[in-house]
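Protein chains: 2
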Amino acid sequence: MRTEESTGGRLPLSGVTVVDLTQVVAGPFATMTLADLGADVVKIEAVGRGDRSRSIQPVPEYFDTINRNKRSVTLNLKDERGQQVALDLLADADVFVESTKPGRIDRYGLDYETVREVNPDIVYCTITGFGTDSPYQDLPAWDMLIQGMSGIMSMTGEPDRTPLWSGLPSGDLIAGSYAVQSVLAALYARERGDIEGEWVEVPMFDAAVSWLTSRAGYTFGTDEPFPRHGTHHPSIAPFGLFDAVDGTVVVAAGTGSLWEALCAAVDRPDLAEDDRFATMDDRVENRTELLAALEPVFADYEVAELVARLREHDVPAGPIHDTASVWEDEHVRERNLRRTMEREGRPDAEVIDHPVHFTNLVTDLGTPPEELGESTDDVLSDLGYDPETVDDLRRDGVVD
Amino acid sequence: MRTEESTGGRLPLSGVTVVDLTQVVAGPFATMTLADLGADVVKIEAVGRGDRSRSIQPVPEYFDTINRNKRSVTLNLKDERGQQVALDLLADADVFVESTKPGRIDRYGLDYETVREVNPDIVYCTITGFGTDSPYQDLPAWDMLIQGMSGIMSMTGEPDRTPLWSGLPSGDLIAGSYAVQSVLAALYARERGDIEGEWVEVPMFDAAVSWLTSRAGYTFGTDEPFPRHGTHHPSIAPFGLFDAVDGTVVVAAGTGSLWEALCAAVDRPDLAEDDRFATMDDRVENRTELLAALEPVFADYEVAELVARLREHDVPAGPIHDTASVWEDEHVRERNLRRTMEREGRPDAEVIDHPVHFTNLVTDLGTPPEELGESTDDVLSDLGYDPETVDDLRRDGVVD
Numbered sequence: 001m002r003t004e005e006s007t008g009g010r011l012p013l014s015g016v017t018v019v020d021l022t023q024v025v026a027g028p029f030a031t032m033t034l035a036d037l038g039a040d041v042v043k044i045e046a047v048g049r050g051d052r053s054r055s056i057q058p059v060p061e062y063f064d065t066i067n068r069n070k071r072s073v074t075l076n077l078k079d080e081r082g083q084q085v086a087l088d089l090l091a092d093a094d095v096f097v098e099s100t101k102p103g104r105i106d107r108y109g110l111d112y113e114t115v116r117e118v119n120p121d122i123v124y125c126t127i128t129g130f131g132t133d134s135p136y137q138d139l140p141a142w143d144m145l146i147q148g149m150s151g152i153m154s155m156t157g158e159p160d161r162t163p164l165w166s167g168l169p170s171g172d173l174i175a176g177s178y179a180v181q182s183v184l185a186a187l188y189a190r191e192r193g194d195i196e197g198e199w200v201e202v203p204m205f206d207a208a209v210s211w212l213t214s215r216a217g218y219t220f221g222t223d224e225p226f227p228r229h230g231t232h233h234p235s236i237a238p239f240g241l242f243d244a245v246d247g248t249v250v251v252a253a254g255t256g257s258l259w260e261a262l263c264a265a266v267d268r269p270d271l272a273e274d275d276r277f278a279t280m281d282d283r284v285e286n287r288t289e290l291l292a293a294l295e296p297v298f299a300d301y302e303v304a305e306l307v308a309r310l311r312e313h314d315v316p317a318g319p320i321h322d323t324a325s326v327w328e329d330e331h332v333r334e335r336n337l338r339r340t341m342e343r344e345g346r347p348d349a350e351v352i353d354h355p356v357h358f359t360n361l362v363t364d365l366g367t368p369p370e371e372l373g374e375s376t377d378d379v380l381s382d383l384g385y386d387p388e389t390v391d392d393l394r395r396d397g398v399v400d
Numbered sequence: 001m002r003t004e005e006s007t008g009g010r011l012p013l014s015g016v017t018v019v020d021l022t023q024v025v026a027g028p029f030a031t032m033t034l035a036d037l038g039a040d041v042v043k044i045e046a047v048g049r050g051d052r053s054r055s056i057q058p059v060p061e062y063f064d065t066i067n068r069n070k071r072s073v074t075l076n077l078k079d080e081r082g083q084q085v086a087l088d089l090l091a092d093a094d095v096f097v098e099s100t101k102p103g104r105i106d107r108y109g110l111d112y113e114t115v116r117e118v119n120p121d122i123v124y125c126t127i128t129g130f131g132t133d134s135p136y137q138d139l140p141a142w143d144m145l146i147q148g149m150s151g152i153m154s155m156t157g158e159p160d161r162t163p164l165w166s167g168l169p170s171g172d173l174i175a176g177s178y179a180v181q182s183v184l185a186a187l188y189a190r191e192r193g194d195i196e197g198e199w200v201e202v203p204m205f206d207a208a209v210s211w212l213t214s215r216a217g218y219t220f221g222t223d224e225p226f227p228r229h230g231t232h233h234p235s236i237a238p239f240g241l242f243d244a245v246d247g248t249v250v251v252a253a254g255t256g257s258l259w260e261a262l263c264a265a266v267d268r269p270d271l272a273e274d275d276r277f278a279t280m281d282d283r284v285e286n287r288t289e290l291l292a293a294l295e296p297v298f299a300d301y302e303v304a305e306l307v308a309r310l311r312e313h314d315v316p317a318g319p320i321h322d323t324a325s326v327w328e329d330e331h332v333r334e335r336n337l338r339r340t341m342e343r344e345g346r347p348d349a350e351v352i353d354h355p356v357h358f359t360n361l362v363t364d365l366g367t368p369p370e371e372l373g374e375s376t377d378d379v380l381s382d383l384g385y386d387p388e389t390v391d392d393l394r395r396d397g398v399v400d
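If you read the protein sequences in the order shown, they are chains A and X.
At the far end of the first sequence sits residue 400, using my numbering, and the numbering has no gaps.
At the far end of the second sequence sits residue 400, using my numbering, and the numbering has no gaps.
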């Protein structure tokens, strides 16, 4: 959270304006990232209801984590006057990110062809579940479907049990990341004069499939599905999760010398001498015996002591943090990754810092997440709407 | 895989040169994405050994999935002449992406300050596990550690069982995505004249923590850790995984009308009338009974038929694909997401297409993954090294 003012550095997207017609996770995560990089984001929300994630529990913390530094304006896009306000915004914008259901953007009169007429330079980014030319174009863009259909769930779980939902909303966040990348790539090409404007589509499903990378490579090489991981690496041992007295530890002894160091760390040199565990191949082949030997040893330690001992012997190890304990982690505290943004008249918003460290450029969390429509009047005023017109629009439910 | 030649479109990063000193997953995924977008990537690999992932099974498929469209040059960076070749490359490059162990880049004489002297315009991106100013700076940047320490594992698994490794190598891929974003943001700022060059650091751990987003919001609002998901959504029902005769299905009936449609789809209107399941609150509260009622019904169907019936009734549903079956999916086949790249004298490389669809710009998978050092001679020749000098370097093990 180093700002232009505090450092003299420039925000990479300073002066770039983004109109945001997205909700829940994928789109808002993308536009939040663009905002961190310095873009001025105007978030269009439905009159009365707003982004659906404003009502996802816990309220408002769920919403807050992905909606800082955006100005909230409410618009009824079923009303032509609401559509006109949106077009007025888009006429001056550099970027439009939208994740409406397929077909809906046409009914709003905000499809690419229409927007391009008022702003041929715009970088127009559509996030969809499956894309408009997919057999699944009518399926909703829900993370659980994307995770299930892309192969992510099939790899998550214990080998002899059911596939599981991966903890992160990966389907959403992967698509959001590709949206950011694609917008940045198009802005760069535009700045170089290679294009006038651009329409780019990010299908969540395709995006998730592209992340299979080396996991797909396993299948390409073996014709077998990548197996569910469970808690241990398939071809390295010991490399996985172990229970300690008060929690779980991840231990990654990826080489022979690390194995010896591990045995020394827990005062069990006899294990390093054990023929069954002499080479990596031996340890993988005799994993059951290896785990049976190690588990009771580790189970006698508290997490902090076990991790400290292993690290003293240069064995990579760490605690398994949950989403509460991670904020107590020494690194996370020193980096100040959990941030508080003060809001007048409301409880502070808690957010996570942008993780990347520029040297000359800066990032900035900006302003706290806004209440629904908090900037409606300001944004319409900036567009040249006089207060009387805004009152009329409000009376007619076009804004609120 | 629409190329400049086939469409007349421009690659967003055409003319941008990237020097890549990364290996395994995070960095190579980043530089592959830059290559998809049109950058000319020169991948520096250790003499004799190369990228460690060249020997990760299955060989070469693991490596192939994240290393297309890069020219491979081998260099011994412990030798001053190897370092000079790298500096010569960097003197003309737009971007440097490196993920060497903390401290090593200084020993190679390729730290930012040195590189900046020969190329003040360079965008220099360092991917680390934890960053150079972390208490964990000596821990290796291994995905399993990052997943465990960031909170990702704690959310993955069944509620009453152990945390699990998430199926995707999320720690690696998240960092790779931030590297791409950050490089693009810096290139944009450079093109606008806001900066001369840039040094940006992407710590894998911080990057993973930043993805907790709404999961962290749960903790910020409740002071409780986000629970392990298991197979069903915590606050929507029925919304999760169900076993069918020949596999698993994800069913997402997120509203009252979808619940009624689901009951109709499987010919069980009586369930829609059941008072225990009347409202979403009822269905969540009586989830055990709900699942007990639905599971035997779904278990009688084959996956394909159950999905088809549910979709006919507009209930979002899909098969749980594994990394083998996903390539047989209708959408994946139609989009041609699994690609074959022909290699002379070697088996074809199989890769996954870039998932984003530009309209005016294009992306391009480019050339197939190269063998270790395949482009050493070409790259050194481009730098002006004459064949005799290259022979000398080869004889001395500086290149191979």
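What the hints contain is simulated information worked out from the structure, not anything from laboratory work.
Check the hints yourself; a few may be wrong.
[Unchecked claim] Simulated restraints on C-beta separations: (1) T255/X to N336/A: 37 to 43 angstroms; (2) T222/X to E273/A: 45 to 51 angstroms; (3) E5/X to T255/A: 43 to 49 angstroms; (4) D133/A to E295/X: 33 to 39 angstroms; (5) E289/X to E388/A: 54 to 60 angstroms; (6) P269/A to P296/X: 24 to 30 angstroms; (7) R268/A to D281/X: 48 to 54 angstroms; (8) P227/X to R268/A: 30 to 36 angstroms.
[Claimed, not checked] Some, not all, of what chain X presents toward chain A, calculated at C-beta under 8 angstroms: (9) R52; (10) R54; (11) P58; (12) M149; (13) L173; (14) I195; (15) W199; (16) L212; (17) D223; (18) H233; (19) V332; (20) L337; (21) V356; (22) L361.
Even for Gly, the Cβ is constructed at its ideal location relative to N, Cα and C.
A quick look at each hint next to the structure:
The hinted window of 37 to 43 angstroms between T255/X and N336/A holds, with their beta carbons roughly 40 angstroms apart. Distance hint check for T222/X and E273/A: the Cβ-Cβ separation is about 49 angstroms, which falls inside the suggested range of 45 to 51 angstroms. Checked against the hint of 43 to 49 angstroms, the C-beta distance between E5/X and T255/A comes to roughly 46 angstroms, which is consistent with it. Between D133/A and E295/X, the C-beta spacing of about 35 angstroms keeps the proposed range 33 to 39 angstroms intact.
For the hinted restraint 54 to 60 angstroms between E289/X and E388/A, the CB-CB distance of approximately 58 angstroms keeps it satisfied. In this structure, P269/A and P296/X break the distance hint of 24 to 30 angstroms, their C-beta atoms being roughly 55 angstroms apart. For R268/A and D281/X, the hinted distance range of 48 to 54 angstroms is satisfied, since their beta carbons lie about 53 angstroms from each other. Checking the proposed 30 to 36 angstroms range against P227/X and R268/A shows it holds: the Cβ atoms sit about 35 angstroms from each other.
Interface restraint check for R52/X: the shortest CB-CB distance to chain A comes to about 11 angstroms, outside 8 angstroms, so the restraint is violated. A distance limit of 8 angstroms between C-beta atoms decides the matter here; for R54/X the minimum to chain A is near 12 angstroms, and the interface restraint is violated. Hint status for P58/X relative to chain A: holds, with the closest Cβ pair at about 3 angstroms, below 8 angstroms. The interface hint given for M149/X is met, as the beta carbon of that residue sits about 4 angstroms from the closest beta carbon of chain A, less than 8 angstroms.
Against a cut-off of 8 angstroms between C-beta atoms, the interface hint on L173/X holds, since the closest Cβ of chain A lies about 6 angstroms away. With a cut of 8 angstroms, the hint placing I195/X at the interface with chain A holds, because the nearest CB-to-CB distance is about 5 angstroms. With its C-beta approaching chain A no nearer than about 4 angstroms, W199/X sits inside the 8 angstroms limit, and its interface hint holds. Residue-level restraint check for L212/X holds (minimum Cβ-Cβ distance to chain A is 6 angstroms; threshold 8 angstroms).
With a cut of 8 angstroms, the hint placing D223/X at the interface with chain A holds, because the nearest CB-to-CB distance is about 7 angstroms. At a threshold of 8 angstroms, the smallest CB-CB gap from H233/X to chain A is about 7 angstroms, leaving the interface hint in force. Against a cut-off of 8 angstroms between C-beta atoms, the interface hint on V332/X holds, since the closest Cβ of chain A lies about 6 angstroms away. For L337/X, the interface hint holds, since its Cβ comes within 8 angstroms of a Cβ in chain A; the closest pair sits about 6 angstroms apart.
The interface hint given for V356/X is met, as the beta carbon of that residue sits about 5 angstroms from the closest beta carbon of chain A, less than 8 angstroms. The interface hint given for L361/X holds, since its Cβ lies 6 angstroms from the closest Cβ of chain A, which is under the 8 angstroms cut-off.
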